[in-house]
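A.B. asks: Those protein sequence lines, which keep their order, are chains A and B.
My numbering applies: residue 6 is where the first sequence begins, and numbers increase by one.
My numbering applies: residue 6 is where the second sequence begins, and numbers increase by one.
Hint data in this document are derived by calculation from the structure and do not stem from the laboratory.
For clarity, every value in this text was computed on a predicted model and none was experimentally measured.
All the pointers check out, no bait thrown in.
Because identical chains cannot be distinguished in the list, a pair is counted as satisfied if it fits within a single copy or across any two copies.
Within a straight-line C-alpha distance of at most 30 Å, the following computed DSSO-like cross-link-like pairs (lysine-lysine) qualify:
1) K177 to K115
2) K183 to K244
3) K33 to K239
4) K35 to K183
5) K145 to K35
6) K33 to K145
7) K255 to K239
Protein chains: 2
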Amino acid sequence: MNGALSPAPIVTAAVLVIGDEILSGRTKDKNIGFIAEYLTNLGIDLREVRVVPDVETEIVDALNALRHRYTYVFTTGGIGPTHDDITADCVAKAFGVSIDYDSRAVAIMKARFDAMGTEMNEARMRMTRIPKGADIVHNKVSAAPGFWIGNVIVMAGVPSIMQAMLDDVAPKLKTGVKMLSETVRADAREGDIGSELGQIAKANPDVIIGSYPFMDENRGPNTNIVVRARDPQKLTAAKRAVEAMLVRIKAALGSVAPR
Amino acid sequence: MNGALSPAPIVTAAVLVIGDEILSGRTKDKNIGFIAEYLTNLGIDLREVRVVPDVETEIVDALNALRHRYTYVFTTGGIGPTHDDITADCVAKAFGVSIDYDSRAVAIMKARFDAMGTEMNEARMRMTRIPKGADIVHNKVSAAPGFWIGNVIVMAGVPSIMQAMLDDVAPKLKTGVKMLSETVRADAREGDIGSELGQIAKANPDVIIGSYPFMDENRGPNTNIVVRARDPQKLTAAKRAVEAMLVRIKAALGSVAPR
Chain A
6 MNGALSPAPI VTAAVLVIGD EILSGRTKDK NIGFIAEYLT NLGIDLREVR VVPDVETEIV
66 DALNALRHRY TYVFTTGGIG PTHDDITADC VAKAFGVSID YDSRAVAIMK ARFDAMGTEM
126 NEARMRMTRI PKGADIVHNK VSAAPGFWIG NVIVMAGVPS IMQAMLDDVA PKLKTGVKML
186 SETVRADARE GDIGSELGQI AKANPDVIIG SYPFMDENRG PNTNIVVRAR DPQKLTAAKR
246 AVEAMLVRIK AALGSVAPR
Chain B
6 MNGALSPAPI VTAAVLVIGD EILSGRTKDK NIGFIAEYLT NLGIDLREVR VVPDVETEIV
66 DALNALRHRY TYVFTTGGIG PTHDDITADC VAKAFGVSID YDSRAVAIMK ARFDAMGTEM
126 NEARMRMTRI PKGADIVHNK VSAAPGFWIG NVIVMAGVPS IMQAMLDDVA PKLKTGVKML
186 SETVRADARE GDIGSELGQI AKANPDVIIG SYPFMDENRG PNTNIVVRAR DPQKLTAAKR
246 AVEAMLVRIK AALGSVAPR
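Bound conformation, chain A alone (with noise of 0.2 Å):
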């Protein structure tokens, strides 16, 4: 603990999606958008996102790259009861270890189906694999846990279902400095700012700007830049600076810019 001194921790993370229906069209995929945003309000920078179909090879081979350079690898989806349900049998693959049902994760799921008067078979029993020296993650929609091997943590695919393990594991993350954002509507187009906002991305290296065109419904062809920095002065520094350009812009465009 240096206080003050020291620089602030930046906490990183990746996303491994696991399923051949994302890569399919089938099923569109609804979890990498909400994990970002969630991890970014956590102050955890989310660096990486990878898809993968359910092919042992493929799995492993995604998961080791990702683990090794990042805080954090979250995956999603391959954790059911049916055959086409192979993430917990590749992590443990990936880690080295063995993997055999759980007698926590059987506990759990016997008494949720023990509640609800069902049979606990063969295929849900294949939930409680996990593998070994991991945590339990929980989840209050579905019962059926997750886990938290090493830096990874593993999570069902249906929306419902992960976001509940993303409110189970949060607590237990490191976080870091939270990156700080700002949008300025441009009220111009990109191609009009386009020089000026690279001058002021250059002299404001600790910055990052970016600049997002969309169709303004009023005005048509317009511009998001979206300014963000963990420093909130130089944020803010960066962001006045911005505003003075559009000012200066717009007035030399003046009459003769097109809507």
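Fit chain B to the supplied structure of chain A, relying on the hints for placement.
C.D. replies: Just chain B, lined up with the frame of chain A:
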């Protein structure tokens, strides 16, 4: 051309989404699902998706990893007029070719901006930078072109523009034998059918069988079983096996089954 004796070609693809705004969660990606469905309908297998930030080394490394593994790589994002649009330069770097203002792209943009009465400034000229040897990809929405170099197709991030670019390249893509797909609504819970479904999957090695739980408003937990194959006869055989299994299981569960 070996005619009927040659095995059906399999054409594969990856998507590389480029953009800080997707990773921060500010913008929710709509392109992955669209491209996935589009390629599936063409007979191209989407095998992997990656999302990377607006950082040169990340883009170049991902491009080089993907373009050597798949028939095609489709990129989205980072080809606008601002400083954070670095995709074209990264593609040139990945291929080891030069990049400069492209006379075809300049002509397209100049015609467009002349018609609009808009100045062709330095920022807009940035959109005409195209790696040497690339073909132009047209779009009817904004005119600003994408490009195609080697097996990499570079498209805009704005969905309507990206979709117009896909339509431009689609007729020129190699396509394989289309993956056929049938969905069987199980009217049963995943856990009730998992074991038998696994046996059907093993007995039908040329058929991909996926199981997707969902919440049914009327009957609670339900499951869609998706059967996929390139051979229509093998598809039908597997689908019939699934249907017969469902009849057996529902009879066995009978009246004691919870809904």
